[in-house]
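Add chain B to chain A, keeping to what the hints say.
Order-wise, the sequence lines are chains A and B.
The C-terminal position of the first sequence is numbered 357 in our numbering, with every residue numbered one higher than the one before it.
The C-terminal position of the second sequence is numbered 357 in our numbering, with every residue numbered one higher than the one before it.
Just so you know, same-sequence chains aren't split out, so a pair can sit in one copy or run between any two.
Cross-link-like lysine to aspartate or glutamate pairs, in silico, DMTMM-like; alpha carbons within 20 Å at most:
| # | residue 1 | residue 2 |
| --- | --- | --- |
| 1 | 327 | 200 |
| 2 | 241 | 112 |
| 3 | 327 | 3 |
| 4 | 261 | 116 |
| 5 | 241 | 99 |
| 6 | 327 | 302 |
By construction, these hints were calculated from the structure, which means they are not laboratory data.
Quick caveat, the model's predicted, so the values are computed rather than measured.
Chain by chain, the residues:
2 protein chains.
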Amino acid sequence: MTDMLAPGATIGILGGGQLGRMLAVAASRLGLKTHVFEPGANPPAGQVADRLTMAGYDDAEALRTFAEAVDVVTYEFENIPTSALDVIEAIRPIRPGREALRVSQDRLSEKDYLSELGLTTAPYADITDLASLEAALAAFGTPAILKTRRFGYDGKGQVRITDAAQAGDALGELQGAPAVLEGFVDFSAEISIIGARGLDGAVACFDPGENIHREGILRETTVPAAIPASLRTDAVLLAAKILGALDYVGVMGVELFVTPKGLVVNEIAPRVHNSGHWTQNGCAVDQFEQHIRAVAGWPLGDGQRHSNVVMENLIGDDMDRVPELAKRSGAALHLYGKAETRAGRKMGHVNLVTPLS
Amino acid sequence: MTDMLAPGATIGILGGGQLGRMLAVAASRLGLKTHVFEPGANPPAGQVADRLTMAGYDDAEALRTFAEAVDVVTYEFENIPTSALDVIEAIRPIRPGREALRVSQDRLSEKDYLSELGLTTAPYADITDLASLEAALAAFGTPAILKTRRFGYDGKGQVRITDAAQAGDALGELQGAPAVLEGFVDFSAEISIIGARGLDGAVACFDPGENIHREGILRETTVPAAIPASLRTDAVLLAAKILGALDYVGVMGVELFVTPKGLVVNEIAPRVHNSGHWTQNGCAVDQFEQHIRAVAGWPLGDGQRHSNVVMENLIGDDMDRVPELAKRSGAALHLYGKAETRAGRKMGHVNLVTPLS
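This is chain A alone, in the form it adopts within the complex (with noise of 0.2 Å):
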């Protein structure tokens, strides 16, 4: 391994939320550092992170400076600025590559390259204008999920559409962003895989959990998921493929639903997930610690799971539950350090733990 980065040697990441925390912790467990590059103010990640630089995607000198300063880059989000990743990349590496980013930051060209890979995704089709959508309701029929190509996260920028009617209204809300559409999927449960793969090139996946959303948010990641083998089989064959195929290197989330037909995916991230924070208390390494490892160049870690994890996101006044949770057994609370409590936002998780069964 000699790629392999020495304990003292800085990661940087873009992007100072929980997901930038979290990594920042796995880092220090490594005896390394972390640099967290953040435009907001109070970023959560900044309170564990060795360095913080808050400046914007659009400062180059800032940019410049905090890739100087650090050994390689990876990030907590895949909607960073081309232009911000054109500065970076002329002197450090980013870690997963910009194909990777490319691919994901437009649900077009994920979809596009997805089938390409030979994967089942929804049913899709470019809306460019009302009769792109008119045209893909009716071969696909309704209910159906008009979802901007770009920006989209935690159902925002979506709309679904139950009615054929409904389609100009749709394209209205979206206030003309490029979009795509996507046709219904009978799924008997959603899942995800979380798969890494190293400098090197070996692959690992964590147990698929099985997620709850809700108005578009995750609420709930339950491992083992009640899935037949097979089907873990098949999540662990199709998330090795994709991450074979963009040569990546890191940590990425593969949201893919149970149909009678076999895994259709629904999405990927190229990053550390939500519905992976169970690993936290359910495997020796964590999905945080796998991803700082791939991107330090280090060989993969121990993935194997210990313990059945329910993960709970505490999203807004779930707060308000902390006192509670922090007395119930088996229970290891994870808090982000966000300084306000919001509808909606995900202030932070908590890890249910029990026994193998």
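Chain B in isolation, oriented as in the chain A frame:
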């Protein structure tokens, strides 16, 4: 729990070594900030704490400013000068409290205190001069160990006496420091128990671990310890007795000898303890979080053990083993971010995790 510090509050930590570092990380999991006070340069805890004050324990102004910036003060080592504690205590609570520090800062006070509680220690005597040493050697026989009353750690400040004729030389080695002589204890194993007591008086103990020391430094801790269940209960009761007597708040490490006549208390440490590092990968809530919970007035967490663990310290050149350990299955690495590797210096540890047997 009216005294429960809210997320966003700040824990002050005296001492910026690896214990302070891992305390800071644990605090971050609960959404609490940390502010480390440390006289030395480049403290490992500074890399992960929200704030760092580098100043001496004789700098009353720095201590005052530090105390005013935090909500409660704890510490990673027991040898904090009394004058510094006086400055802080006038401004913020110190947890664990002064009595625990007074007792544990001095081996003689510690042994007197434990004996008065009805616990068994090694035979010991206050050594003030050659005559008192010779009398004690005559009473206890050899081998015996002469130890400074204060400031000893990791085998420092100790001389083993195998023949009464060495008395003068042994005293000379300690250069006139106040000392105690400890008689020989014929033990079959060294174990330790990590206990915690909350602000509400609740007590929780982790499973006892079995320790191997070499050259006075802890090398390895194994859980479960190979001891009968009755001794486990004894260890818990004994720890609870000490915690209660001291009206203690926080985590305490208690080192014990297993002898044919039962448990003998070797020493207590009013802080998180090296022999409790296995809890990081053996329990949902580890000793560091347990300590933070206690000093922050939170309920104690669930320290139930979910795995078997062997903790190995990485000392000095053991750092050369990191690339190999990083690959090993079931191995969870914890490196301390120390700038320089030196012989005998604790650089990290590895928890080797296997399923409960």
